[in-house]
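Line by line, the protein sequences give chains A, B, C and D. What the first sequence shows, in my numbering, is residues 1 to 407, in sequence order. What the second sequence shows, in my numbering, is residues 1 to 407, in sequence order. What the third sequence shows, in my numbering, is residues 1 to 407, in sequence order. What the fourth sequence shows, in my numbering, is residues 1 to 407, in sequence order.
The hints are simulated quantities; they were obtained by calculation from the structure and are not laboratory data. Watch out, some of these pointers could steer you wrong.
No copy labels: a pair is met if it fits in one copy or bridges any two.
Simulated crosslink set (DMTMM-like; lysine to aspartate or glutamate; CA at most 25 Å straight-line) [stated by the list, open to error]:
id : residue 1 : residue 2
1  : K23       : E334
2  : K277      : D220
3  : K306      : D386
4  : K277      : E5
5  : K354      : E5
6  : K23       : D68
7  : K347      : E274
8  : K272      : E5
9  : K208      : D173
10 : K398      : E385
11 : K306      : D63
12 : K219      : E83
13 : K347      : E319
14 : K208      : E5
15 : K306      : E2
16 : K327      : D220
17 : K23       : D99
18 : K347      : D220
19 : K58       : D386
20 : K219      : E164
21 : K398      : D247
22 : K56       : D68
23 : K58       : E83
Protein chains: 4
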Amino acid sequence: MELFERWESEVRGYSRAYPTVFKTASNARQVDEAGKSYLDFFGGAGVLNFGHNNPKMKEAIIDFIQSDGIPHSLDMATTTKREFMQAFVDTILKPRGMDYRMQFTGPTGTNAVEAALKLARRVTGRRRVIAFTNGFHGMTVGALAATANAYYRNAAGIPLHYVERLPFMHPLDGMDETYADPSAGYEPPAAILVEVIQAEGGVNVATKEWLQAIRQFAKDRGALFIIDDIQAGCGRTGSYFSFDGMDLDPDIITLAKGIGGFGTPLAMNLNKPEHDKHWSPGEHTGTFRGQGISFVAGKVAMDYFKDDSFMAEVRRKGEVMASRLQKMAQPGMEVRGRGMMQGIDTKDGTLAKKIVAECFRTGLLLGGCGSEGRVIKLIPPLTIEDADLNEGLDLLEKAMNAVLVPA
Amino acid sequence: MELFERWESEVRGYSRAYPTVFKTASNARQVDEAGKSYLDFFGGAGVLNFGHNNPKMKEAIIDFIQSDGIPHSLDMATTTKREFMQAFVDTILKPRGMDYRMQFTGPTGTNAVEAALKLARRVTGRRRVIAFTNGFHGMTVGALAATANAYYRNAAGIPLHYVERLPFMHPLDGMDETYADPSAGYEPPAAILVEVIQAEGGVNVATKEWLQAIRQFAKDRGALFIIDDIQAGCGRTGSYFSFDGMDLDPDIITLAKGIGGFGTPLAMNLNKPEHDKHWSPGEHTGTFRGQGISFVAGKVAMDYFKDDSFMAEVRRKGEVMASRLQKMAQPGMEVRGRGMMQGIDTKDGTLAKKIVAECFRTGLLLGGCGSEGRVIKLIPPLTIEDADLNEGLDLLEKAMNAVLVPA
Amino acid sequence: MELFERWESEVRGYSRAYPTVFKTASNARQVDEAGKSYLDFFGGAGVLNFGHNNPKMKEAIIDFIQSDGIPHSLDMATTTKREFMQAFVDTILKPRGMDYRMQFTGPTGTNAVEAALKLARRVTGRRRVIAFTNGFHGMTVGALAATANAYYRNAAGIPLHYVERLPFMHPLDGMDETYADPSAGYEPPAAILVEVIQAEGGVNVATKEWLQAIRQFAKDRGALFIIDDIQAGCGRTGSYFSFDGMDLDPDIITLAKGIGGFGTPLAMNLNKPEHDKHWSPGEHTGTFRGQGISFVAGKVAMDYFKDDSFMAEVRRKGEVMASRLQKMAQPGMEVRGRGMMQGIDTKDGTLAKKIVAECFRTGLLLGGCGSEGRVIKLIPPLTIEDADLNEGLDLLEKAMNAVLVPA
Amino acid sequence: MELFERWESEVRGYSRAYPTVFKTASNARQVDEAGKSYLDFFGGAGVLNFGHNNPKMKEAIIDFIQSDGIPHSLDMATTTKREFMQAFVDTILKPRGMDYRMQFTGPTGTNAVEAALKLARRVTGRRRVIAFTNGFHGMTVGALAATANAYYRNAAGIPLHYVERLPFMHPLDGMDETYADPSAGYEPPAAILVEVIQAEGGVNVATKEWLQAIRQFAKDRGALFIIDDIQAGCGRTGSYFSFDGMDLDPDIITLAKGIGGFGTPLAMNLNKPEHDKHWSPGEHTGTFRGQGISFVAGKVAMDYFKDDSFMAEVRRKGEVMASRLQKMAQPGMEVRGRGMMQGIDTKDGTLAKKIVAECFRTGLLLGGCGSEGRVIKLIPPLTIEDADLNEGLDLLEKAMNAVLVPA
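One chain only, chain A, in its complex shape:
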């Protein structure tokens, strides 16, 4: 670790929480250079839905590289990109009857959000965006304005503008009339930006009813309805989109993290055609929009969604997780989540930190989220073997017991 301490920025975080040097990884396991194997319930912060070094992706990527495929193409057309897009259209969009334009932004979630907000402001000619308490949307100034956490916001060093915050899952009673009254003082919003499940915010799950209400509010007020599905999408919750079956019809969907399959960067927004046409060519650019390796692996990932079997497995394993967590939960704790994004709200940031540290010690990687990190979030690879899943849950249970009942 010396080199990191001497030469890496003080801003580094996870290398402090997990103070070891990792060398290899495979599906749901990371191994450090001393040979210690860790179960990975952290999942690369929601990226590694298909596991570390997914074998089919490895093979496809190596083939791609060996055949001099184009690793970096900005938004030029390539055969690799076309294959990815075709697979996404055939596997995801067409079966759902969804008509969207695919916009490849700079390959990070924050960039996807920035692009979505630009488009919403362009379409409506308005500036203010409504986002929600405890929402997380990224670190660059445009997206950070929508991110709630003060620790991140304060790092900006400048006031963050043009975002209005409403309480997540709070009833909208009277809000519609208030926003409609020009003398009430609310500017008509350009967009409502919401996560179906707030991952960083503490695994807070929105109900279908509330989401439909804010979707209707957006429609009534001429605002775009944007779902940030960066962490909860790509199969994480037991369906490809976290909002499948909710009849929400978002105007823009932001995707990143899992979309590139292998852990290499990719971000893609889905824009409704009637909004997308407001873009002029090259208005939102970015160097790394055309990532060949991510297209190749992302195309392999589509295979998981050709029928419901993989998603059914995710739902089944998600139930295992939820029921085990329910059993572990102490009085006052709360278990929340959907599919294979599950969290246990310990209501105590210090306690949660201790549990995470004890898990690391015993060979399980996971992280805290929510206020003061008090919610322990479990997002293992969707491809995790049952044995590993159970072992990880056992380790967590032991860690909780160890921390809660001091010797």
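Keeping the supplied structure of chain A fixed, place chains B, C and D upon it in accordance with the hints.
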């Protein structure tokens, strides 16, 4: 191309300028699916300093993948990252006596700039940043505020705050006193953000003297001096940093594009330790900060800088480019650049577009930059063979003649 | 009127609603140059609490001018200013046990609000101020940011920053915890700015309970509690301050309009000493802060508050107004107010405009307020004779009947 | 002074510089309650162009009050207002062939500036306004953004937006092309706001040539050209407007301070009709726009401008002041000004403060301005008698000698 027209966003740009579907690429050539080979003087917008599919990098990446190296690790410590960092320290920092902390941001240039501005604002407790006319620093709202071009700025849909603009290469006479006078009305700046060569801005080359003057101004006013070396760094100008030998001692250096070697995303800021210590852990995060493939290829790239031979070649080829361009230049045109970033300012955006189109037709990829795209920029891979370089220059000359002397 | 149409700005408003040229005025009557007498229920927009040309004030002002008193002194000390301040201390502050510092700002309400917001931001080191739907606080950019009405806001031509809006009289359930959670996304507010009765906003009356709740919220969150008593203060509601007896203990109170007594400008903030001491000398200035004539008349006005008899009369007349309005109100209409600020919400802006016009025709001046001007506001001089009050109410009733039951 | 120390806000300023209680005033003299008479070269911060208690104005005001004229009328039409407007049209506008609409804003300079900026933004649909180093335009947030002084700006407690600053009297070389280039990064400005003589900024006098250049720049860039003539207008410089004879044709002129004649508040913008028509009724309002006393006295003031004799006297007395100051000036000091606004730049704020204090001690009121208050500004009433003028200048000379040559 049909699939792209039907399903990709209207924002796409390069696939319009280069209306073909590329399939493979090798060093300075891209081949489309019809088998037509193009010389690449566009270089992935400055990313592909070491060519498409650099053979040593291919080999190293395949080894890495086959051995289950960790492709995605956020800012956990990995052996791969350590090797990259060690190579960078040994090859770049130590020989120059530079002491900087390496901060891996979200793997895009715009994210690197956002992080740099955050740090400068944190260190100084100030808000305003000075940037320059025609500067380019990225597309996310924090960096976009520093970017000059109105086409990009307007796409934000919101006013861009906390950046003050000064004319690039304009003498600073009297500015120091004016900024020092508290009743003059200028806020003391948090930072001065400058490119040594404005790439997107039109291949505008700053002199050492002017850079030293603004560096001194920054020091006098307690502002951080930030060099954005995202496009001009990593060997492009004939030295690793574009400012090598200028005695500028920047407080922060932003790097991206070429740093990952292979065209996969990576971004890294170099922060002086006395500034870097103002970061708290995890204040600026991002999912894709730990890119194993980029670390592997980026480490291979370091081999090019172990002695001066590669840089000498770049300088030699840069001179070839410059002298050929000088010969092509019509009266009123201007040739500018350093090393293998060269531009010819046609002073006419429409003309430049025609030349770029004619080049594409005849098998040469390059792009326009500057006001109305009137400057044709040449940034081929630094590894380009002499034969390819000359052939590309021949094609450009012919295209200029064809366009300038209509049949 | 010709001269006004030819030479005055298109921005003029009241001369359009009352298209005649007024020549003299006395207590509750204005007379135009044709000799037509109008009952004045508009009261100079809440300024003329003591009537037009109050005889005692006239006498005092003439004495002052004849003896070469100082009409304009900025914030120099003058005997006239001292006498005003002494009277205010003795009559208003001491009997209530209130300890405040008097700050004379530029002599307009908007300037008083700007000063109050500056002080709150200075004291707390925070930026955001909470204001309420339908609130009105002035027209200059700092105060306008707190003003709700879109018609006024849009005239700014720039986004208005650093004010957050909450619904007036809406329960605060859960708000306290949300604001306390640093990861929820709300910045701690510098101040809460509220009117006890929203005058321009539509004669919306806050309850003591709600005011106490937001006062407590302010205290809990370290924010200053600012009452804008510019229109509702100075005796208008039947007590000197609109919040007398509510146990609210505001940190800052803004006063203007009625404070100068005669209709000449004056504005004065009352700042708690522990906040006031954060001012440095001359940080908030303004040319016309020291208005001799306003000090003289304002001192005379203090005589009205030496005992409760005048306020008792105001309460009695207010009840007359309220009960007459209740009788006039059609089903669906709503009567609101306190003391001699009463409004009838017709729920129909077009109807209200017709009633106002008919009143003007028949010799009664009053104005609309609230959304689309649908609330007819009655704020006659507090000194109005019963006969005039009744005559005015008769005229209003007739106008309503005339407009509601078209011939 | 006790009462002021106990009860007045800490923000008070002049009562600290002039620690006595004034009782009466007449023309160029103020007398304190102890009977000590002070020569007034401070002139109510530029308001009292026609002296304290101008006899003709006293008479007219008393007549007005006794005949129940309307002291407060918002923007209703009154006979008094009509007479003022008629006199202004006949005396000032028509002889100059000027066609402007008169807009009565809230009666303070800062409000006039806020209204002017609103109109400029409305007309152009742009946001940014160019103002100059050391400019002073007021204290409310919209105007304060244009004010340069950091002491005032910092009191805002919030960042000030939408104003860009250029160096006063600095040549514009290249600026026109830079602003015209959409990729340079400057937003097209809504307006250029300038003082012909910066009064608070240090009696800095712009040349006709520079003013014409920025006027042309404004025209070329589609920006409105706004002259803030609040302190330098109304005859102060020897002509009614400070820019008379400069062929500047401003789009908006802001007036306040001297326009009300007697020291009672009034502010008035002159808007070119083609701009003024962009206002909608009541978009910029304010309670105290219709000040009867100020209209009456302001009309009397017009008598001074019916022929050139008064202005000739001002110019003559201005020359006396300038030549006396030139004699007093020590090496390194600088005398600047025009007409009866003259300043001596001592280049030393501490020294200037001592001189001002010594003057107060010996019976002369004046104030510092410019950086650190190092410029002593002389703005006595234009109506000052020669004897008083000379006596004041003698006192200043003695004070300078006393301070410069310590016993």
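Hint check results:
In this assembly of identical chains, K23 and E334 lie within 25 Å of each other by CA distance neither inside one copy nor across copies; the values are 35 Å within and 52 Å between. For the identical chains of this complex, K277 and D220 are intra-copy neighbours only, at 22 Å inside a copy versus 34 Å across copies, given an alpha-carbon limit of 25 Å. Taking the shortest Cα distances, K306 and D386 sit within 25 Å of each other inside one copy (22 Å), while across copies they are farther apart (49 Å). With identical chains, the CA atoms of K277 and E5 are at most 25 Å apart between copies only, with a shortest distance of 12 Å across copies and 49 Å within one.
Taking the closest pair of Cα atoms, K354 and E5 come within 25 Å of each other only inside a single copy of the chain (23 Å); across copies the shortest separation is 53 Å, beyond that limit. In this homomeric assembly, K23 and D68 come within 25 Å of each other (Cα to Cα) only across copies, at 8 Å, whereas the closest approach inside a single copy is 27 Å. Proximity of K347 and E274 under a CA criterion of 25 Å is satisfied in neither setting, with 44 Å inside one chain copy and 37 Å between copies. Proximity of K272 to E5 under the C-alpha cut-off of 25 Å is restricted to the inter-copy arrangement: shortest distance 14 Å between copies versus 47 Å within a copy.
Within a single copy, K208 and D173 get their C-alpha atoms as close as 17 Å, and across copies as close as 23 Å, so both meet the 25 Å cut-off. For the homomeric pair K398 and E385, the shortest alpha-carbon distance inside one copy (20 Å) is at most 25 Å, but the shortest distance between copies (61 Å) is not. When the C-alpha separation of K306 and D63 is checked against a cutoff of 25 Å, the pair qualifies only within one copy, where the shortest distance is 23 Å, while the shortest distance between copies is 31 Å. For the identical chains of this complex, K219 and E83 are neighbours neither inside a copy (34 Å) nor across copies (52 Å), given an alpha-carbon limit of 25 Å.
In this assembly of identical chains, K347 and E319 lie within 25 Å of each other by CA distance solely inside one copy; the values are 22 Å within and 54 Å between copies. In this homomeric assembly, K208 and E5 never come within 25 Å of each other (Cα to Cα): the closest approach is 46 Å inside a single copy and 34 Å across copies. In this assembly of identical chains, K306 and E2 lie within 25 Å of each other by CA distance solely across copies; the values are 24 Å between and 46 Å within a copy. Neither within a single protomer nor between protomers do K327 and D220 lie at most 25 Å apart by alpha-carbon distance, with minima of 43 Å and 38 Å respectively.
Proximity of K23 to D99 under the C-alpha cut-off of 25 Å is found in neither arrangement, the shortest distances being 42 Å within a copy and 27 Å between copies. For the homomeric pair K347 and D220, the shortest alpha-carbon distance between copies (22 Å) is at most 25 Å, but the shortest distance inside one copy (37 Å) is not. Taking CA atoms no more than 25 Å apart as the test, K58 paired with D386 passes inside one copy only; the shortest distance there is 23 Å, against 35 Å between copies. Within a single copy, K219 and E164 get their C-alpha atoms as close as 17 Å, and across copies as close as 23 Å, so both meet the 25 Å cut-off.
Taking CA atoms no more than 25 Å apart as the test, K398 paired with D247 passes in neither setting, with 41 Å inside one copy and 55 Å between copies. In the homo-oligomer, the alpha carbons of K56 and D68 lie at most 25 Å apart both inside one protomer (19 Å) and across protomers (13 Å), since each shortest distance falls under that limit. Taking CA atoms no more than 25 Å apart as the test, K58 paired with E83 passes in both settings, with 17 Å inside one copy and 22 Å between copies.
Of the hints listed earlier, those the structure fails to meet are numbers 1, 7, 12, 14, 16, 17, 21, in rising order.
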